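Chain residues, written in single-letter form:
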Amino acid sequence: MTTTSPTPTSSPAPATLALPGRWRVPGWGTCLLVAIIAELFYFTLTTRQFAGGGQGMLNLTEQFAPTGVLALGLAMVILTGNIDLSCAANASLAAVIAGTVLDKGGSPAAAILAAVAVATFVGLFNGVLVAFVGIDSLLVTLATQFIITSVATSVAGASPPFGFSSSFTLIGQSGIDYVPIALLVFAVIAIAVIVTIGYTGLGRSLTLIGYNPSAARYSGIAIRRSLTSAFTLCGALSGVAGVLLAAYYNSAQPDIGADLLLPGITAVILGGMDIFGGRGRIGEVVLAVFVLGYMSQGMLIEGDSSLSITMITGLVLIGALVVKFAFERNFRQRMNARMRRLRAPLHRDAHG
Amino acid sequence: MTTAGDVGTASGARRELAVPPRWSWLLRRREILVTAVIVVVVAASTAAHPYFWASSNLAFIFADSVVIAFLALGESFVMIGRGIDLSVGAIMGLSAIFVGFRIQNDGISLLPAVLLGAGVGIVLGLGNAILVGVVRLPPIIATLGTLSVYSGLEFVVTNGNQVDTIPNSITNLGSDTVLPGVPVILLLTLPFVLISAWVLRYTTFGRSIYAVGDDAEAAYRAGIPVQRVLFSTYLVSGLFAGLGGVAYLIYTSGASSTSGINDNLTAIAAAIIGGTALTGGVGGALGALVGSVFLTVTLTAMSFAHVSDVWQPAGVGVLVLLAVVYDSRSRSRSLSRTGGGRRARGQRRRGQQPRSATARSSSPAFPGEGGTR
Chain W
5 MTTTSPTPTS
15 SPAPATLALP
25 GRWRVPGWGT
35 CLLVAIIAEL
45 FYFTLTTRQF
55 AGGGQGMLNL
65 TEQFAPTGVL
75 ALGLAMVILT
85 GNIDLSCAAN
95 ASLAAVIAGT
105 VLDKGGSPAA
115 AILAAVAVAT
125 FVGLFNGVLV
135 AFVGIDSLLV
145 TLATQFIITS
155 VATSVAGASP
165 PFGFSSSFTL
175 IGQSGIDYVP
185 IALLVFAVIA
195 IAVIVTIGYT
205 GLGRSLTLIG
215 YNPSAARYSG
225 IAIRRSLTSA
235 FTLCGALSGV
245 AGVLLAAYYN
255 SAQPDIGADL
265 LLPGITAVIL
275 GGMDIFGGRG
285 RIGEVVLAVF
295 VLGYMSQGML
305 IEGDSSLSIT
315 MITGLVLIGA
325 LVVKFAFERN
335 FRQRMNARMR
345 RLRAPLHRDA
355 HG
Chain D
2 MTTAGDVGTA
12 SGARRELAVP
22 PRWSWLLRRR
32 EILVTAVIVV
42 VVAASTAAHP
52 YFWASSNLAF
62 IFADSVVIAF
72 LALGESFVMI
82 GRGIDLSVGA
92 IMGLSAIFVG
102 FRIQNDGISL
112 LPAVLLGAGV
122 GIVLGLGNAI
132 LVGVVRLPPI
142 IATLGTLSVY
152 SGLEFVVTNG
162 NQVDTIPNSI
172 TNLGSDTVLP
182 GVPVILLLTL
192 PFVLISAWVL
202 RYTTFGRSIY
212 AVGDDAEAAY
222 RAGIPVQRVL
232 FSTYLVSGLF
242 AGLGGVAYLI
252 YTSGASSTSG
262 INDNLTAIAA
272 AIIGGTALTG
282 GVGGALGALV
292 GSVFLTVTLT
302 AMSFAHVSDV
312 WQPAGVGVLV
322 LLAVVYDSRS
332 RSRSLSRTGG
342 GRRARGQRRR
352 GQQPRSATAR
362 SSSPAFPGEG
372 GTR
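Chains as they are written, first to last, in the numbering used here: chain W, 5 to 356; chain D, 2 to 374.
What the hints contain is simulated information worked out from the structure, not anything from laboratory work. Remember, it's a predicted structure, so these values are computed and weren't measured experimentally. Don't take every hint at face value.
[What the hints assert, rightly or not] Label pairs and their calculated CB-CB ranges: (1) W/Val137 to D/Ala223: 29 to 37 Å; (2) D/Asp107 to W/Asp263: 43 to 51 Å; (3) D/Arg229 to W/Gly31: 29 to 37 Å; (4) D/Leu116 to W/Ala42: 38 to 46 Å; (5) D/Val326 to W/Tyr222: 27 to 35 Å; (6) D/Tyr203 to W/Tyr222: 42 to 50 Å.
Beta carbons are placed, not taken as given, at the ideal position from N, Cα and C, and that holds for glycine.
Just chain W, with the same shape it has in the complex:
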């Protein structure tokens, strides 16, 4: 862009592009919104059970709220240019911990606290290994994923806990008036994450670390501390996701969260987050969670198996990325070229 003379449209771009959550109408977000509406229409028309007078649609969110919470945590880590492969295993561990505490006669509050605390600690462990020991996050979380899985299986034992008291399962299964509690939890966390990333110093640090690590270092950002916070928050949200899972399924299998990793990452990427960090909006990730969630739930109701839905999810991810990459690469270059051609005669006139 430096080759062209600065145009009024391009000069503020670098400043606003980096930071999510500004009041610009985002093209990708609009696409996702249209996709959600189209899905809702399509499934309402094709399958009778889908809409359920509006209530059915709302209740479906219970099924993908855990994925959404997990995706929000992942989004923070991916924003810094790292990745957390262990978050799904971490959610399973949290579910198992919550189940075990309940099984031993603990109160629901104690169970939730214990689960989230353990998950947060795992996140902190990941963060310290990545930020302070300096190992690539892909490797760290690959390794911790294995370790956490073992711990979860071992804690759950031969007969994993199930059948919890209704005061715990209502988190995942019932609602206040018409709104499922799981959806409320997701909404609260989504708003909290949007505010954190878009409007606080920590959010700006995380974005800048992902956007340009050396610039972040030179501008005096505490990179290590910020990175550790991102991983810790991701761990905490994985814990919340695990609690929601345990409450929804009323059991705590040690692999209860394993299936969340793929949809979680897919939601973040589909939500326009750059896998190399530094670019993306949490709001769009939230939209992507709904796009994916309603798509898979609608297809489940239509009678597709969950594994063929995994396949469709993968195809959607690849398709969306190909479109998005082509759009970003060609469209912008073509626009710049057109601008240059338009401006060229003007320059000649001015000099001549």
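Please build the complex by placing chain D on the supplied structure of chain W, with the hints as guidance.
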């Protein structure tokens, strides 16, 4: 790319070179080091349980590690080129399913089975190759997508059936031994490993992979067709995963819709333990084999020591962490770009595009990494 991080790497490398090369080369050759550790583990386990040294147990270990070795071998090609392939396990599973059904229903013999497996692997690898080499998606996302697609496809193809009647003439390859403890399948695998090692070390293609993995920008300027090399690495990875599917059939004498789903990360772990770095430009084919054998030997030793099977994944995880922590080079490298490893990769990929006019590479406020052009 003249960042402070890269300067730090350069000085780190110089310091390493300053060590007099007397004994250090032994420790720096990862294959030799890991082999030594394998010998120690085997010796200790044999001392505790004499059955560990039994021919059938050793053959079992080797047959098990051959499956992972094929995956790790393909993964090495990709990882040396600074990519990652998360879909190898699914490709292996699909290949095992396709080949298994043909063996079960049509009774094809070993050679056609191997050719079919290789074909399936190449076709599936082509998907990754196009996404990464032509469309230029980031490898981690592209292969994550194909992982979902292929593992879903496994389910669709099997349609609830499974392969369970593989004739003994084929499964015996995994249990029959040529020498005590050396199963036939290991002998059949060795040529692939040796050819890979030769290709990586002595051919233009192999050297190009190292060059691309080390610094894609420099490789591009040196006239290496970067995208074509990357394209080929994913094809090779698919090919070996397809062959791994046949090995899987021989070893487990069956296949179902979930075959290989969990082997992606194990394969990456084996490659890393064998000395191939995720940061690209380092590694080799022998390392993949040695790393796989090491993983299997250690896990078997764990179960001989009455550690519950539950802790096997944790064992893999700890070994990966140890391998990475030991590899100071990859550590200092990623430390110098705190959290920017994958991002730096993306920058290089973008750097190859002629004068890319994205806002990110030309933001004037951050002179540090804007200097790709």
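Quick rundown of the hints versus the structure:
A hinted range of 29 to 37 Å holds for the C-beta pair W/Val137 and D/Ala223, which are about 34 Å apart. Range check, D/Asp107 to W/Asp263: Cβ separation about 35 Å, and the 43 to 51 Å hint is violated. A beta carbon spacing of about 33 Å between D/Arg229 and W/Gly31 agrees with the range 29 to 37 Å that was offered as a hint. Checked against the hint of 38 to 46 Å, the C-beta distance between D/Leu116 and W/Ala42 comes to roughly 45 Å, which is consistent with it.
Checked against the hint of 27 to 35 Å, the C-beta distance between D/Val326 and W/Tyr222 comes to roughly 28 Å, which is consistent with it. Checked against the given bound of 42 to 50 Å, the beta carbons of D/Tyr203 and W/Tyr222, roughly 44 Å apart, stay inside it.
Violated hint for the displayed structure: number 2, the only one.
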